[in-house]
Amino acid sequence: MKHNRPILAFLLALLIVLGVTFSQKPLSATAQEGSTNQIYVDITFDPKAKTYSIGGFSEAQLKQFGAPALQDEIWDFLGALQGANLKVDSAKIDLTVDQANLATLNWNQKSRALIYTLVDTYSGMPLIDQARAEDWLSKANIEFALRKSPEISKPLLLNLATAFNVDITKEGIVNVEGFNTGTSLTPEVIRILEMGKISNAAVCWDKGALDATINGAKLPQLVIYSDGLSVLDRAFGLNIGDVQQLFQSKLGASILYGDGDHGATQCGQ
Amino acid sequence: MRPWLKIVFITLGAMVVVYGAYLLSGRPAIPLPAYHMQVDSTNQLYPIVKATESGEVKLTLVTSGRIVASADGKELANIRYTPTTLQNALDVVSPFMPPLDPESSLGKLTNTLPFTRKVPMFLVEALYHVVRFQFSVIVSAN
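Line by line, the protein sequences are chains Y and B.
Going by our numbering, the first sequence opens with residue 1, and the numbers climb by one from there.
Going by our numbering, the second sequence opens with residue 1, and the numbers climb by one from there.
Calculated directly from the structure, the hints in this document are not laboratory data.
Wrong hints could be hidden among the right ones.
[What the hints assert, rightly or not] Below, a list of computed lysine-lysine pairs in the BS3-like style, where the Cα atoms sit at most 25 Å apart: (1) K139(Y) with K110(Y); (2) K118(B) with K197(Y); (3) K207(Y) with K58(B); (4) K139(Y) with K207(Y); (5) K250(Y) with K154(Y); (6) K207(Y) with K74(B); (7) K74(B) with K250(Y); (8) K118(B) with K218(Y).
Sequences are here, hints too, so could you generate the full structure?
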């Protein structure tokens, strides 16, 4: 017995270590955020100075993106207005003008189906994918706020549980939710997709964290902080301006190259 | 019992106890000495390092699955990986990598002993699951 003491001590230590190893519970998944498509767009206008601001961007910044200057007729109309508010959710559309409720439209999946049919019949646009429209509208929490104020509008808020479906044809034509964007991939990008045998991808941006999946395989997560983006901005003179909105937003895209199905990409999961 | 066998068991027992204590304390990353690197204007990192207030960027690899870039005491960006996601990333970029020269010493080694191709990922797995280290490179501009 005395001779076996080292063996017994070794076995005991091994037992303790194995016990600790197998008693360690895996980390539980983090609580999921509410599954809504939240969009908040604040628009301010100043009829005296004839300036406007949308989603935290000044008129000068918006003009850099090609936003037009408003005509005098529009400024005359806006001059008579104090403000308006449009709210859209899965149950109703609410329009308020100058604090007075102007119109409310109650709707549900069934009544929306009728609207899709009417739009398909009379609009001349491509047919609406009703299942996709419901993916967006059944979780909708959208608000447009129009205010008479000289101040810069509040930052745009995007918190989207539904990912955009982006389809890229073999010729490189880019469609988003079935609508042709009028943009195409360059032959170099198409060559990279072909070389890498990339047929589908999912990208999710969640307040600084970028998750990507290519051909169903999850890639390492990249987390970018606003300080990091500021350093890159200074280093390469990108002039990206105020990026706080980016770090408050959540959105994603399911990208399909060629034929196939999008599946159900949900960001934040 | 033979003395050498006794020594083997005592050593193994001590190793198991030390590793047990390491496991109980949550497998913290063991910090290794930082490596200092100076870059000049021809280096791609130079403008990034110069754009920081301190003129210094710290890149830290923690083998528990994090690569962190920080400067001025703040995190700039980080990459979080698992051996699986790292392998997936390598699979995505591999078609774009030039093929290994079969005449090079590494090419000869992998052709003679094909299992050596799996050594890097085996190391990543071991450093991720078994013993974790923290290695930093401090980059400063000339």
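Results of checking the hints against the structure:
1. Restraint check for K139(Y) and K110(Y): satisfied, since their Cα atoms lie roughly 15 Å apart, inside the 25 Å limit.
2. Of the pairs offered as hints, the one joining K118(B) and K197(Y) holds, with about 23 Å between alpha carbons and a cut-off of 25 Å not exceeded.
3. Taking the CA atoms of K207(Y) and K58(B), the gap is near 23 Å; set against the 25 Å cutoff, the hint holds.
4. A distance of roughly 20 Å separates the Cα atoms of K139(Y) and K207(Y); the hinted pair therefore holds under the 25 Å criterion.
5. The straight-line distance between the Cα atoms of K250(Y) and K154(Y) is roughly 17 Å, inside the 25 Å bound, and the hint therefore holds.
6. A distance of roughly 17 Å separates the Cα atoms of K207(Y) and K74(B); the hinted pair therefore holds under the 25 Å criterion.
7. About 23 Å separates the Cα atoms of K74(B) and K250(Y), which keeps this hinted pair within 25 Å; it holds.
8. For the hint linking K118(B) to K218(Y), the alpha-carbon distance of about 20 Å falls within 25 Å, and the restraint holds.
In terms of the numbered hints stated before, the structure departs from none.
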